[in-house]
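Participant: Hey, can you work out the whole structure from these sequences and the hints?
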Amino acid sequence: MKAKDLLLSCIPLAEHQVKELVQSYGVPVPQRLVLEGDEGLPRRLPFPYPVVVKISDPQILHKSEVGGVRLGIKNRAQLERAVSRMRQDFPGKAILIEVQEPPGVEAIVGLIYDSAFGPSIMLGMGGILTEVYQDTTFRTVPIDESDAYEMISLLRGARLFEGFRNIRASKSALVSAMLAVSRLGEELGEHIAQMDLNPVIVYEDRCVAVDAKLLLRKRGSAEQA
Amino acid sequence: MKRTPSNLDALFDPRTVAVLGASRDPSKIGRLVFRYMLDSEAKLFPVNPSAGEILGHRCYPSLGSIPEDVDMAVLALPASATPQAVRECVDKGVKAIVCLASGFGETGSEGKRLEEEIKKMLASAPPERRPRLLGPSTLGVYVPRRRIETIFTSRERNPRPGPGGIAFISQSGATAVCIMEAAAAVGVGFSAFVGIGNKLDVDENELLDYFAADPETSTIIMYLESFKDGRAFLESCRQIVPKKPVIVLKAGRSESGAKAAALHTGSLAGSDRVVDGALMQARVFRAYDEEELVDLARALDHGRPFTGGRVAILTTAGGMGVIAADLLESRDRGVGLKLAPLSEGGKAKLRSLLLPFASANNPVDVTANASNDHYAAALEVLESEPDLDAILCVMQFQSPFVDERLMDIVTDWFHRGEKSIVVTSIGGELSQRALKNLTESGVPAYPSIWRGVRAIGALHKRGVWASANSKR
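Read top to bottom, the protein sequences are chains A and B.
Here my numbering is used: position 174 in the first sequence is 174, and no number is missing along the way.
Here my numbering is used: position 49 in the second sequence is 49, and no number is missing along the way.
Keep in mind that the hints were calculated from the coordinates and are not lab data.
Watch out, some of these pointers could steer you wrong.
Stated by the list, open to error - One side of the interface only, derived from the structure: several residues of chain B facing chain A at Cβ under 10 angstroms: (1) Ser226; (2) Phe227; (3) Arg273; (4) Gly277; (5) Met280.
The structure presented is a predicted model; accordingly, all values stated were derived computationally and were not measured.
Each residue gets a CB set at the ideal place from its N, CA and C atoms; glycine is no exception.
Facilitator: This is the structure in structure tokens:
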């Protein structure tokens, strides 16, 4: 099936909706603020700069390709400019303002509805090189803690979680995010065609899902994923 | 251990068998199936309305005219005649039907219609009297120990394997029969073969559970192109694998490459990595070709799983030792295990017992001038090494001072010793004879260094999986 046909047969969610969902299962996401419709900026942001401004709409899955992402916003003036520019380019769409997380080891955690095995979880090395290296491993959900650790150990990038060259990336933080995604998959996996948390940035003591995409399965599209 | 009764017993251990379409014409499959089945202990009833007698057996005009209960009915009939025959089986109270004909769902809408008709016929019987149906489009079953056989390829051109501990469930009959023939040629035996064909009734999951409970089966191998119910399959495997290894050759890997790919997770799942991950999660071994399927089965069926990952190589030639060491230790082109350093005491013993040019380090090189006794001495020393889990014997049966007794020495240590032992030998007839002899004694033995190393790797994996499982 072509990607376009798949999109037409599945219902995408907006990023802020996906984040709310995964957060409720225990996946850490950046502090955020959503401006719906023509809602104005609050007097003060409830979190510090720098921040990111993104368009958050079910119809715009690949935001950066259409100019729907502004990074590195350091102050109020820049923020106001970015928001009004988004309003111009994407009238009526929700705007997501988030804490800009620092760089770290990037993983991808995903869910897919597999036609043979049902809801399955993916772990891979994330970021822009995800598709280049295709360093991934899958398990059916639910997974337990030892499954999650084994999945990390099977990545070619596993050494990044072992203290390679002073890089500090917490395996246990990633594992707990994976277990949260597994719980989500266990409860709602029948309704989810695909989900990407990419990247999940992993630091010394925590991890955070910086971007999130989700396609719901339409009723009766059981065999499509 | 006696098997708990199953309604699939009539497929593998029938007391009475009717062959519908049994024929006097030697070119007909009904004739071949009837002739082969004569070798079994089962009582046979050829059914054919137009033949009086076949190979000295009185022919029955119909299933209904057979005066006894019929456990198994083999349908050697065209697809179009099958629904009616299934109806007769239902009326007769047959327990198991093997439907050999092709030309069903795999060919199009008319075939699909025939399948629907068969399903209706089966469903018309009350559940406790409903026959189980294998196929259609299958080579059926083969049970070497009891000579129960419905395979209709020529035995002369396509020899069958003898008895052993491996059960083979296959979605392609001919593929499995050829794989078994190749395996038999090197000394591997089977407990049973079953072709699932179009899986109209009996499917791979049920057969997996059947062989899990079968006392004659110690290892289960499968050739699959699709999973009827992947979740149930994994659940069964989780139960079985602690007791019996399961090895799957899942083909059709590129087919799912056409999978939808709107997000990363979708496009990355495309190359059947979900299958990969799911099988590993259930601790099922995945083979990627027919050779690996049988190689792993041989290793896991008799070999000793180990956890430590410390291996010694015993060889007669420096080169073979280096090749084996590379394959053992490399992660990319090997199995990522470790050559174990030998103890000082062990090395001293080896130096005193082996020839002057021998190497007492790992790889232990007894040299091509070694005799049976040198091998025996080296094996004895390695068996008593404290920090060693496995011994890969890279042997040279061609060398001048060894003879057949060398195989007994290795076999003896294999059964009596505490280390996991795998044998490889490179060569022609002589070497292949020796390997076959070892295989028949249960020793995993392979004609290439890589295949032996891979077997060691599998035994290690199984050991690690088992110990992690017991800790959970």
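Participant: Measuring from the C-beta of Arg273 (chain B) to each C-beta in chain A, is the shortest one below 10 angstroms?
Facilitator: 5 angstroms, holds
Participant: Is the hint on Ser226 (chain B) kept, meaning its closest Cβ partner in chain A is under 10 angstroms away?
Facilitator: Where the cut-off is 10 angstroms and the nearest Cβ of chain A is about 7 angstroms from Ser226 (chain B), the hint holds.
Participant: Holds or violated: the hint that Met280 (chain B) contacts chain A, with Cβ atoms closer than 10 angstroms.
Facilitator: 8 angstroms, holds
Participant: So, as I understand it, the hint says Phe227 (chain B) touches chain A; can you test that by seeing if any CB pair is closer than 10 angstroms?
Facilitator: 4 angstroms, holds
Participant: Measuring from the C-beta of Gly277 (chain B) to each C-beta in chain A, is the shortest one below 10 angstroms?
Facilitator: Hint on Gly277 (chain B): holds, closest Cβ of chain A at ~3 angstroms, below 10 angstroms.
The structure fails none of the hints (numbered hints given earlier).
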